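Okay, here's what each chain looks like letter by letter:
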Amino acid sequence: MKRVLALVVSMMLIVGMMAGCSTKEEPSAPAVADKEAETVAVKEEPKAENITLRIYAQYSDDDTIIPFDYAVAELAKAYPNVTLELDIQAQDDGQKLQTYAATGNLPDIFQVGLSQIETFKESGNIMILDDAAKSSGYLDKAHPSASNIIYNEDGHIYAFPYAGNELVMWYYNKAIFEEYGVKVPETYEELLTAIEVFNANDIIPMSIFAKEKWITTALYDVFATRFAPEGIVSLDKGKSSASDEAYTMAAQTLKDLLAVGFLPEGATNLNYDQAASLFYEGKAAMFLNGQWEMEASTEKLGENADWMWYPVMPGYEENAKALSGGGAPGGYAVSPHSENKELAAEVAAFISEKYCEAKYTKRSNPILALKIDESLQPEKPFPAMMAKLSEEMSTITSTTKFAWGLSNPQFKVAIEDQSQFLLTPDYTVAEFVEEIDKTIERMNK
Amino acid sequence: MKKYFGNRWAVALFTMPALILFTVMVFYPIVQVFYRSFYDWNGLSSGIFIGFDNFIRLFDDKVFKIANLNGFKFALVITMFQLTMATVLALAVSTIKFKGKNFFRIVYFIPVVLSVTVVCQLWLSIYNADTGLLNRFFEAVGLDFRQNWLVDRHNAIYAIAIVNAWQWMGYQFALILAGIKSIPTSYYEAARIDGAGVVKAHLKITIPLLAETFKFCLVISVTGGIKAFTEMFIMSGGGPGNSTYTLTYMMYSSAFRSGEFGYGLAAAAVLVLECLMAILVINWIFKTEKAVEGA
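First to last, the protein sequences are chains F and G.
So for the first sequence, our numbering puts the first residue at 1; every next one is plus one.
So for the second sequence, our numbering puts the first residue at 446; every next one is plus one.
Bear in mind the hints are in silico, worked out from the structure with no lab data behind them.
Mixed in with the good hints there might be a few duds.
[Unchecked claim] The calculated lysine-lysine pairs, modelled on BS3-like cross-linking and capped at a C-alpha distance of 30 Å, are:
#, chain 1, residue 1, chain 2, residue 2
1, F, 445, G, 507
2, G, 507, G, 546
3, F, 96, G, 672
4, G, 660, F, 255
5, F, 239, G, 626
6, G, 645, G, 546
7, F, 255, G, 518
8, F, 341, F, 321
9, G, 510, F, 239
10, F, 438, G, 645
11, G, 510, F, 237
12, F, 445, G, 510
13, F, 174, F, 341
14, F, 96, F, 237
15, G, 649, G, 660
16, G, 518, F, 438
17, G, 510, F, 438
18, F, 255, F, 438
19, F, 255, F, 237
20, F, 141, F, 121
21, G, 518, G, 732
22, G, 546, G, 626
23, F, 174, F, 96
24, G, 510, F, 96
No experiment lies behind these values; they were computed from the predicted model shown.
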């Protein structure tokens with residue numbers, strides 16, 4: 001009986017599969033006919049071919065979603081025959097993109113940072129965009145000050161940047177400083193006084209999301225710029241070593257500040273949401289983040305949010321206007337293996353330009369790689385902090401790099417790990433120096 | 446049946462699909478790991494053959510030492526916790542007669558079916574220094590033992606290991622319970638007639654007869670500890686610094702963060718050897734025990 005049942009079921013499955021195959025085939029016949037008809041129509045009236053380009057881009061928060069959507073909408077008007085298929089960039093240190101490259105599956109357009117550009121250059125996985133930058137008019141619109149983020153060190157363009165030279169800003173809550181009668185610190189001594197007063201009143205002096213390693217690198221770099229304005233860039237290039245006086249003093253200063261309670265307990269386990277809420281809720285007096293934080297801080301703290309120059313070290317007053325952060329080549333790159341690489345390069349330039357426009361009009365950010373058409377106006381006024389930064393821009397004497405803008409990935413990993421280590425209580429400056437120097441030594445071999 | 450096993454062609458025909466699958470999916474990648482570990486390779490270009498340089502650098506690398514030590518600590522914590530708890534609970538559930546036995550069997554297994562991400566997020570909340578359950582518990586019982594569990598570079602690895610130990614204990618519990626169920630009840634009846642109590646019966650019958658199960662559990666927990674990755678990736682990002690790196694994390698960091706695939710694969714090759722070594726040692730221990738028992 002069982003055998004009969006099995007036979008019947010098997011027969012039904014086979015019949016079902018054959019039926020399925022036949023029904024699938026049926027519509028294909030008219031489809032071919034349609035295609036033929038289409039070909040005839042094309043012959044009669046030539047139309048631009050519809051092309052879909054795959055783009056691998058950041059699309060995770062308002063600062064990336066709003067400009068991207070705007071750029072795509074503008075693209076639809078200017079290039080009605082081009083459709084963008086978005087592949088959302090993963091926050092994975094470039095693993096996904098690297099895998100795409102290794103398997104010959106790179107998207108037509110993809111977002112890259114400097115270290116990826118260097119790797120992709122070696123393996124022929126990134127297109128040189130010099131010609132496209134000229135022919136698309138991208139270079140005509142570029143700010144002269146943005147040449148450092150447009151051109152690679154070898155003089156070529158590998159990606160179209162849309163952001164400007166962004167910086168690491170030291171934010172503070174004016175209301176808290178006023179409430180406790182603390183002067184906004186301009187010197188190291190004043191910073192120590194502020195820490196002392198805040199700790200005595202159960203206020204966290206500085207909030208930081210040190211679970212992320214780039215911000216711990218930025219914090220170290222902030223202090224490095226007090227002694228050597230080129231900060232971590234000089235270490236990245238292998239021109240200095242961590243045992244140089246300036247870099248040792250930076251590490252020691254950070255350790256000294258930690259010892260007097262500069263950061264919240266367990267800072268290395270705080271994520272962005274936790275650290276930011278300490279600042280927004282008035283539990284922390286100061287906060288470290290990139291300049292993109294201005295809008296969020298203004299929204300939460302209103303006029304009480306402001307930024308300050310990093311405190312000056314005695315004897316190093318000439319470095320008062322040196323800032324951490326700054327740009328590095330990066331942005332939208334194009335795959336040389338793309339079937340439509342010329343068009344992809346054109347579209348990448350266009351998307352970058354429109355992205356800049358949206359950052360200006362919708363995100364109130366005037367510091368961009370490209371000049372914005374004067375007819376365009378921001379939808380809401382710039383935050384006061386941004387206006388202040390724009391005014392003070394010309395006084396900045398030097399900038400450094402964010403961790404993702406470092407050129408040597410080995411150094412990037414070392415400085416990220418070691419700077420986070422520095423924030424743990426029993427990690428010594430000597431250990432920090434030894435590990436960084438070992439990495440630099442290996443890089444220089 | 447004997448006729449088929451004697452037919453070499455039939456044996457080859459039936460084992461071939463599995464062998465091909467194993468070769469393509471397991472053996473070939475492992476060979477590639479060893480082969481590429483001799484290259485200075487960024488994962489994309491063809492790479493440069495550098496002989497044993499990656500291994501020489503590896504054995505001089507402080508991170509490699511940290512990673513190995515962490516693998517050992519991780520394996521030790523999860524093995525001790527899982528085997529002890531799983532054995533005790535499996536014996537209790539199979540011996541003590543009480544209502545709702547099945548409920549406990551399910552409860553102990555629930556963490557296993559949860560996603561690692563969910564479990565890690567849960568424990569991140571438990572470990573939270575200000576609002577976490579653990580510190581609150583110490584406060585509630587009047588102990589001044591407030592800790593930042595994932596911040597201490599020497600102890601964070603133990604805190605993370607506990608998470609893995611907690612989640613996968615149910616798996617070991619299920620294996621041991623299945624092992625206990627497979628022991629014929631006549632053995633216990635005979636022991637009872639000879640005057641053995643429950644504890645003695647378990648010591649003389651259950652535990653020795655579970656030797657093969659324990660061997661399997663031990664292999665799983667020890668190799669699981671050596672190659673741990675997910676929990677530290679989610680909970681600490683390998684930090685603070687690189688204090689919660691394991692060899693797998695080191696491999697990931699070298700390959701994907703530093704772009705040194707050749708170096709990462711050298712770490713992976715050592716990892717494969719360490720896991721093999723662990724399995725051989727466990728097999729040897731159990732073999733020796735059997736020989737001793739046999740003598």
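Taking the hints in turn, this is what the structure says about them:
1. The straight-line distance between the Cα atoms of residue 445 of chain F and residue 507 of chain G is roughly 19 Å, inside the 30 Å bound, and the hint therefore holds.
2. The suggested pairing of residue 507 of chain G with residue 546 of chain G is violated, with an alpha-carbon distance near 49 Å, which exceeds 30 Å.
3. A C-alpha spacing of about 22 Å is found between residue 96 of chain F and residue 672 of chain G, which places the hinted pair at or below 30 Å, so the restraint holds.
4. The suggested pairing of residue 660 of chain G with residue 255 of chain F is violated, with an alpha-carbon distance near 48 Å, which exceeds 30 Å.
5. A distance of roughly 68 Å separates the Cα atoms of residue 239 of chain F and residue 626 of chain G; the hinted pair therefore is violated under the 30 Å criterion.
6. Using a Cα cut-off of 30 Å, the hinted pair residue 645 of chain G and residue 546 of chain G holds, with the two alpha carbons roughly 23 Å apart.
7. Only pairs whose Cα atoms come within 30 Å are accepted, and residue 255 of chain F paired with residue 518 of chain G is accepted, the gap being roughly 29 Å.
8. Between the alpha carbons of residue 341 of chain F and residue 321 of chain F the distance comes to roughly 43 Å, so the proposed pair goes past 30 Å and is violated.
9. Under the criterion of a C-alpha separation no larger than 30 Å, the hint pairing residue 510 of chain G with residue 239 of chain F is consistent with the structure, at around 29 Å.
10. Between residue 438 of chain F and residue 645 of chain G the alpha-carbon distance is near 59 Å, which puts this suggested pair outside the 30 Å criterion.
11. At most 30 Å may separate the alpha-carbon atoms for a hinted pair to count; residue 510 of chain G and residue 237 of chain F meet this at roughly 28 Å.
12. Between residue 445 of chain F and residue 510 of chain G, the direct Cα distance comes to roughly 23 Å. Compliance with the 30 Å bound is thereby established for this hinted pair.
13. A C-alpha spacing of about 51 Å is found between residue 174 of chain F and residue 341 of chain F, which places the hinted pair above 30 Å, so the restraint is violated.
14. With a C-alpha separation of about 27 Å, the suggested pair residue 96 of chain F and residue 237 of chain F falls inside the 30 Å cut-off, and the hint holds.
15. Taking the CA atoms of residue 649 of chain G and residue 660 of chain G, the gap is near 18 Å; set against the 30 Å cutoff, the hint holds.
16. As the CA atoms of residue 518 of chain G and residue 438 of chain F are separated by approximately 27 Å, the hinted pair is consistent with the 30 Å bound.
17. Using a Cα cut-off of 30 Å, the hinted pair residue 510 of chain G and residue 438 of chain F holds, with the two alpha carbons roughly 16 Å apart.
18. The hinted pair formed by residue 255 of chain F and residue 438 of chain F meets the criterion: a straight-line CA distance of about 21 Å does not exceed 30 Å.
19. The hinted pair formed by residue 255 of chain F and residue 237 of chain F meets the criterion: a straight-line CA distance of about 25 Å does not exceed 30 Å.
20. Only pairs whose Cα atoms come within 30 Å are accepted, and residue 141 of chain F paired with residue 121 of chain F is accepted, the gap being roughly 26 Å.
21. As the CA atoms of residue 518 of chain G and residue 732 of chain G are separated by approximately 25 Å, the hinted pair is consistent with the 30 Å bound.
22. With a CA separation close to 14 Å, the supplied pair residue 546 of chain G and residue 626 of chain G stays within the 30 Å bound.
23. Under the criterion of a C-alpha separation no larger than 30 Å, the hint pairing residue 174 of chain F with residue 96 of chain F is inconsistent with the structure, at around 42 Å.
24. Distance restraint check for residue 510 of chain G and residue 96 of chain F: the Cα-Cα separation of roughly 29 Å lies within the 30 Å cut-off, and the hinted pair is therefore satisfied.
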